[in-house]
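For the sequence shown, counting from 1, position 101 maps to 101 in full-length UniProt numbering; every step adds exactly one.
Quick list of in silico lysine-lysine cross-link-like pairs, BS3-like style, CA-CA up to 25 Å: (1) K44 x K3; (2) K3 x K399; (3) K44 x K391; (4) K313 x K328; (5) K3 x K372; (6) K199 x K209; (7) K161 x K202; (8) K143 x K202; (9) K202 x K16; (10) K199 x K143; (11) K313 x K257; (12) K420 x K44; (13) K278 x K391; (14) K44 x K232.
Hints in this document: simulated from the structure, not taken from any laboratory. From a predicted model like this one, the values you see are computed outputs, not experimental measurements.
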Amino acid sequence: MAKVFVIGVGMTKFIKPRGEVDYPEMGLEASVKALNDANITYDKVEYAACGYVYGDSTAGQRVLYQLGMTQIPIINVNNNCSTGSTALLQARNAVASGSVDCAMALGFERMARGSLTSTFADRTNPMDHVTMQMIESVGFEPKAPPAAQIFGNAGIGYMNKYGATERHMAKIAEKNHSHSSRNPYSQFRDVYTLEQIEKSPKVFGPLTKLQCCPTSDGAGAVIVANEQFVIKHGLQDQAVEIVSQIMATDSPVMLSKDPIEWAGADMTRRAAAQAYQKAGITPNDVQVIELHDCFSANELLTYDALALTPPGKAHTLIDSGDNTYGGKYVVNPSGGLISKGHPLGATGLAQCSELVWQARGWAGDRQVPNVKYALQHNVGLGGAVVVTIYKKANANACKPLTNYNPAVEARSITQEDYDKAKSTKRAEFLEAKL
Numbered sequence: 001m002a003k004v005f006v007i008g009v010g011m012t013k014f015i016k017p018r019g020e021v022d023y024p025e026m027g028l029e030a031s032v033k034a035l036n037d038a039n040i041t042y043d044k045v046e047y048a049a050c051g052y053v054y055g056d057s058t059a060g061q062r063v064l065y066q067l068g069m070t071q072i073p074i075i076n077v078n079n080n081c082s083t084g085s086t087a088l089l090q091a092r093n094a095v096a097s098g099s100v101d102c103a104m105a106l107g108f109e110r111m112a113r114g115s116l117t118s119t120f121a122d123r124t125n126p127m128d129h130v131t132m133q134m135i136e137s138v139g140f141e142p143k144a145p146p147a148a149q150i151f152g153n154a155g156i157g158y159m160n161k162y163g164a165t166e167r168h169m170a171k172i173a174e175k176n177h178s179h180s181s182r183n184p185y186s187q188f189r190d191v192y193t194l195e196q197i198e199k200s201p202k203v204f205g206p207l208t209k210l211q212c213c214p215t216s217d218g219a220g221a222v223i224v225a226n227e228q229f230v231i232k233h234g235l236q237d238q239a240v241e242i243v244s245q246i247m248a249t250d251s252p253v254m255l256s257k258d259p260i261e262w263a264g265a266d267m268t269r270r271a272a273a274q275a276y277q278k279a280g281i282t283p284n285d286v287q288v289i290e291l292h293d294c295f296s297a298n299e300l301l302t303y304d305a306l307a308l309t310p311p312g313k314a315h316t317l318i319d320s321g322d323n324t325y326g327g328k329y330v331v332n333p334s335g336g337l338i339s340k341g342h343p344l345g346a347t348g349l350a351q352c353s354e355l356v357w358q359a360r361g362w363a364g365d366r367q368v369p370n371v372k373y374a375l376q377h378n379v380g381l382g383g384a385v386v387v388t389i390y391k392k393a394n395a396n397a398c399k400p401l402t403n404y405n406p407a408v409e410a411r412s413i414t415q416e417d418y419d420k421a422k423s424t425k426r427a428e429f430l431e432a433k434l
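Please build the complete structure, drawing on both the sequences and the hints.
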C-alpha cells in the first residue's frame, strides 16, 4: 500500500453547546483551515469522509457543498466517540489503496447540553450488552450518567485490582487542565488545584465533575495525500506520515465481570500492539500522545492498554511524572477531552491536528521537545478504537503556509481564506456564512 501523509489540518475552537454556531459553519471553518494549511483548493480533494454522531444522513454533503459541488464521493460516518478517527481511517485507506491521490477527513458536532443520552427510545440501545453486564455485576445508579458509570466502575476495578487510588485519577485531571491553559482551541482553559478537582461535585464513584469531559460543539478537518502528491505540491517539509493506523473492535473479554474490560481496554490492547508492530517501533520510541480521556479513569486504564507501563502499573506513570512535560511521555498536551472538550465527531481529528502541529514543531509553549513519533488513541464504546502513529516526513524545519501559526492562534476564517480554499471549477452550493 502507498505511504500516506497528512498535509493539512484545521479545527475550530471547541465551545459550550449553546446553539450559537450551526454545523455547516463549523465544518466549513475547519475544512477551509485544513485546505489553507495544505495550500490547495477543494478541487484537489478526490474523496471525503465526514464524521458526526448527532445529525441527519447527508450532513457531510451539506457542509462540503459550500466549497463546491465537485461530485466526489462523500461518505458519512458514525462510530460513536471514535467517529473522527474512523473518518480519518477511511480517507487514509482511500489514498493508501491507490484509489485517489488526495482525500479529506472532516468531523463536526453540534451537541445538546448535559450528559449524553440515548437518541432513540423506540429501539434496541447498541450499548445494552455493556449496560446489562454492569447491572448484573455491580448494579446501576439511575441518577448518574451511564457513560460515567461504565468508566467510573472501570476505574474502581483498576484500583481494586492493582492498587491505584482516587488521587491518581484526580492528578490526571489536574495535568490535563494545566495543559489546556496553553491551548487556544480549548473549551476550558482554567487551571485547577488538585484539591479543587477532588472537591468538585461527585459524578460517580471516584469521578468528580472536573474529571469528566464536557459536551461540546466544534469541528476538525485533515487532508491526506500520497507521496507523489506531496512532492508535486512541494509539501515535503510540513508533511507528517501516518506510519501505522489500526482499528479494532471488542473481544468477548468485554463481556466478562471485570469492569476494566467494559471500557474497551482489550480493543485498545489489540490496536496498539498491531500499530507498534506495523510501525516497527515500541512504546519507548514515542514522545507525545493524544489519548481518549473522556474520564480520568480511562486515561489511567489506557496507559496500561497502550503498554506505556507494564500491566497493572499505570499509576506508576503518574507517580513518576512520566505523563507530562519533563517526563518520558507528554500525554494530552492539548488538554485532552477533559478540558479541550469532546464534540464526538471532531475529537479524533482534533487529536490528529495537535499531533501534526507537535511533529512540525509549531506548538509554541506547549511544544513537546524532540518529537520523533506521536501516538493517537481514540475510542468509542460499543465499540471501536483507532490507534494511529505519526512521524514527520523529513527532519527539515518548516513554517506555516498561512499568515499566522494556527497551532497557537485560534482565528476564525476570513473571506480571503475561503476564496483561497473553494473550488475554482464548480459553483458554490450556497454563499458561505463568514
